[in-house]
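Colleague: Sequence:
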Amino acid sequence: MSLWSRAGSGEHVYREWPDEDHAVVYDAASGSTHLVELLGMEVLQLLESSPRTPAEIAEVLAARFDEQDGPAIVEYIKTTLLQLQDAGLVVSKSL
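Per numbering that gives the first Met the number 0, residue 0 is the first one in the sequence shown, and the count goes up by one each step.
Because the hints were derived from the structure by calculation, they are not lab data.
All C-beta atoms, glycine included, are put in the ideal place defined by N, C-alpha and C.
Be aware that one or more of the hints could be misleading.
Claimed, not checked - In silico SDA-like pairs for lysine to any residue, Cα to Cα no more than 20 Å straight-line:
1) K77 <-> S93
2) K92 <-> G7
3) K92 <-> L2
4) K77 <-> S48
5) K92 <-> E36
6) K77 <-> R63
7) K92 <-> T78
8) K77 <-> E36
Said to hold, decoys possible - Derived DEER-like restraints, expressed as beta-carbon distance ranges:
9) D85 <-> S8: 16 to 24 Å
10) G30 <-> A71: 30 to 38 Å
11) A71 <-> G9: 30 to 38 Å
12) S31 <-> G69: 15 to 23 Å
13) T32 <-> D68: 16 to 24 Å
Start from the sequences, fold in the hints, and give me the full structure.
Modeller: The structure is reproduced here in structure tokens:
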């Protein structure tokens, strides 16, 4: 199991638009701007307050999903975290 947190300590600035499935995240520390799914933005915002496991993230965001998709939600969160990690926005630590 992994504990995920934001990478670095720089500020993130988020921008989303109505009726869009994506948002942009500006990482002040690196000067990079990233296109992310809305779920990715929500995950990053959650990780601003404290590190979390994929299951904890899924629990907080459960209202976004159909209740019957429990295990699939956690897998989707894990995939999103890996994409954010590839962008240098989050890091993981094994528990």
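Colleague: Now tell me if each hint is right for this structure.
Modeller: Here is how each hint holds up against the structure:
no. : hint                    : verdict
1   : K77 <-> S93             : holds, 14 Å
2   : K92 <-> G7              : holds, 14 Å
3   : K92 <-> L2              : holds, 5 Å
4   : K77 <-> S48             : holds, 19 Å
5   : K92 <-> E36             : violated, 23 Å
6   : K77 <-> R63             : holds, 16 Å
7   : K92 <-> T78             : holds, 16 Å
8   : K77 <-> E36             : holds, 14 Å
9   : D85 <-> S8: 16 to 24 Å  : holds, 20 Å
10  : G30 <-> A71: 30 to 38 Å : holds, 36 Å
11  : A71 <-> G9: 30 to 38 Å  : holds, 33 Å
12  : S31 <-> G69: 15 to 23 Å : violated, 34 Å
13  : T32 <-> D68: 16 to 24 Å : violated, 31 Å
Consistency note: the structure conflicts with the earlier hints numbered 5, 12, 13.
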